[in-house]
Amino acid sequence: ETGVTQTPRHLVMGMTNKKSLKCEQHLGHNAMYWYKQSAKKPLELMFVYSLEERVENNSVPSRFSPECPNSSHLFLHLHTLQPEDSALYLCASSQDLLAVSRGYTFGSGTRLTVV
Amino acid sequence: GDSVTQMEGPVTLSEEAFLTINCTYTATGYPSLFWYVQYPGEGLQLLLKATKADDKGSNKGFEATYRKETTSFHLEKGSVQVSDSAVYFCALILITSGTYKYIFGTGTRLKVLA
Chain B
1 ETGVTQTPRH LVMGMTNKKS LKCEQHLGHN AMYWYKQSAK KPLELMFVYS
51 LEERVENNSV PSRFSPECPN SSHLFLHLHT LQPEDSALYL CASSQDLLAV
101 SRGYTFGSGT RLTVV
Chain S
1 GDSVTQMEGP VTLSEEAFLT INCTYTATGY PSLFWYVQYP GEGLQLLLKA
51 TKADDKGSNK GFEATYRKET TSFHLEKGSV QVSDSAVYFC ALILITSGTY
101 KYIFGTGTRL KVLA
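In the order they appear, the protein sequences are chains B and S. Our numbering numbers the first residue of the first sequence as 1 and each following residue consecutively. Our numbering numbers the first residue of the second sequence as 1 and each following residue consecutively.
Next up, chain S with everything else stripped away, as it sits in the complex (with noise of 0.2 Å):
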């Protein structure tokens, strides 16, 4: 069936370190693709997407592209800081014959150290 799949967590990192978090899906059709973060004590935010083959969605310096040969959609980001310390959910979307399809991952929690 249709799933998204991110590494476990937490991914725990100084500050500026480079940042990846992998995200891989199982989809039957075409979905689109999204990257939401919640910080401690709120809900989610939505972060980046992407709708289509090779498309990168890029938000305060996250960035994510859209890979369907290999099935990914890895957050990235060159230089964390503290702020960015928050749980990170990937998602896909899938529409077809006017439904929807909408799966989340379980998260990745990242923790930044000063």
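Chain B extracted, bound-state conformation (with noise of 0.2 Å):
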């Protein structure tokens, strides 16, 4: 399997369920990302990973909880979320942090939606 491959594709739960996103990619990528796309806004940058260390935290709420074992595997582990949590979450990949210069290799994304 090649690629970035991310589980499950949809998501429903309630606001005091507790559930985990996962991301894995197979291309011998060092750095690996969330986003969180939502209607009509640019895309966020929530998370970033390279070499399984978190490198950036872009101001996310504590509900959102990243994890890294190992630079293969990317988890979003989700609690307490809010309604307005909903949205489409995005793993990607890249080479290095720096090669994201030659852009980005996305999955498919995990379609959440917070009851």
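Treat the hints as calculated values from the structure; they're not laboratory data. Note that this is a predicted model, so its numbers are computed, not measured. Cβ atoms here follow ideal geometry from the backbone N, Cα and C, with glycine treated the same way. One or more hints might be untrue.
[Claimed, not checked] DSS-like mimics (lysine-lysine), calculated; alpha carbons at most 25 Å apart, straight line:
id	chain 1	residue 1	chain 2	residue 2
1	B	Lys18	S	Lys111
2	B	Lys41	S	Lys111
3	S	Lys77	S	Lys52
[Claimed, not checked] Here chain B is said to cover these stretches of chain S; the calculated rule only asks that three of the stretch's residues, wherever they fall, bring their Cβ under 8 Å from a Cβ of chain B:
id	region
4	37-44
5	73-79
[Said to hold, decoys possible] Not everything, but these chain S residues come out facing chain B in the computed CB check (under 8 Å):
id	residue
6	Gly1
7	Thr28
8	Ser32
9	Phe34
10	Ile93
11	Tyr100
12	Tyr102
13	Phe104
Please dock the two separately framed chains into a single complex, following the hints provided.
Quick look at the structure:
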């Protein structure tokens, strides 16, 4: 399997639930990213990991908790979310941080609905 | 601050029509410029890029030229197909002193009618 794979594709959760989004890449990339895509808004960079170390956290609420156990896997743990957190969550990777000048490889996203 | 501005959509065209989607940018440095495409139910895919002034990126019949004098990177295609219906995102990256900033536009939806 190649590329960036995200699971699940769709997720509906209540505000008191705890769930996790998973991202996996088989490209040998060393940098991975979480983005939030909301309607009519630019993509919002949430977290950046390089060689399993978090290098950027863009003022994201603590109800979102990332985890990068190795360079191929990235998780986003969710708890006590709000309805405004409903969005498409995209995972991306690049060879390394500076290789973003060559562009990202994105996954297909997880469509999250908070009820 | 640094930003990317795209024309609002949706853009609706008939098959084989000429396409232009405008993109302009504001940047303090010298960015690289990108177009990404998002097909329904999918993530973003890199469509083309240009790294310096007057560079032309091209892919799948789409083209965009890096115009430093007008700070623009307009996307064009001579003859669109129904399969081109998607959302198109303009983006820039600025790398300075080992740090980077990646900025996306809000996206322009293209609908191509048979």
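Here is what the structure says about each hint:
1. Our distance criterion of 25 Å between C-alpha atoms is broken by Lys18 of chain B and Lys111 of chain S, whose separation comes to about 38 Å.
2. For the hint pairing Lys41 of chain B with Lys111 of chain S, the CA-to-CA distance comes to about 19 Å; that is within 25 Å, so the pair holds.
3. A hinted pair counts as satisfied when its Cα atoms are at most 25 Å apart, and Lys77 of chain S with Lys52 of chain S qualifies at roughly 21 Å.
4. Coverage of a stretch by a chain is defined here by at least three residues with a beta carbon nearer than 8 Å to that chain's beta carbons; for the region 37-44 of chain S and chain B the count is 4, and the condition holds.
5. Evaluation of the coverage hint for the region 73-79 of chain S: breached, as 0 residues show C-beta separations to chain B shorter than 8 Å, against a requirement of three.
6. With a least beta-carbon distance of about 12 Å to chain B, the hint placing Gly1 of chain S at the interface is violated under the 8 Å criterion.
7. Hint status for Thr28 of chain S relative to chain B: violated, with the closest Cβ pair at about 17 Å, above 8 Å.
8. Annotation: interface hint on Ser32 of chain S holds; nearest CB of chain B at approximately 5 Å, less than 8 Å.
9. Given hint, Phe34 of chain S at the interface with chain B, holds; its Cβ is 6 Å from that chain's nearest Cβ, closer than 8 Å.
10. Against a cut-off of 8 Å between C-beta atoms, the interface hint on Ile93 of chain S holds, since the closest Cβ of chain B lies about 6 Å away.
11. Proximity of Tyr100 of chain S to chain B holds as hinted, the smallest CB-CB distance being about 6 Å (cut-off 8 Å).
12. For Tyr102 of chain S, the interface hint holds, the least distance from its beta-carbon to any beta-carbon of chain B being 6 Å, beneath 8 Å.
13. Nearest Cβ of chain B to the Cβ of Phe104 of chain S: about 4 Å, under the 8 Å cut. The hint holds.
Hint violations for this structure: numbers 1, 5, 6 and 7, all remaining hints satisfied.
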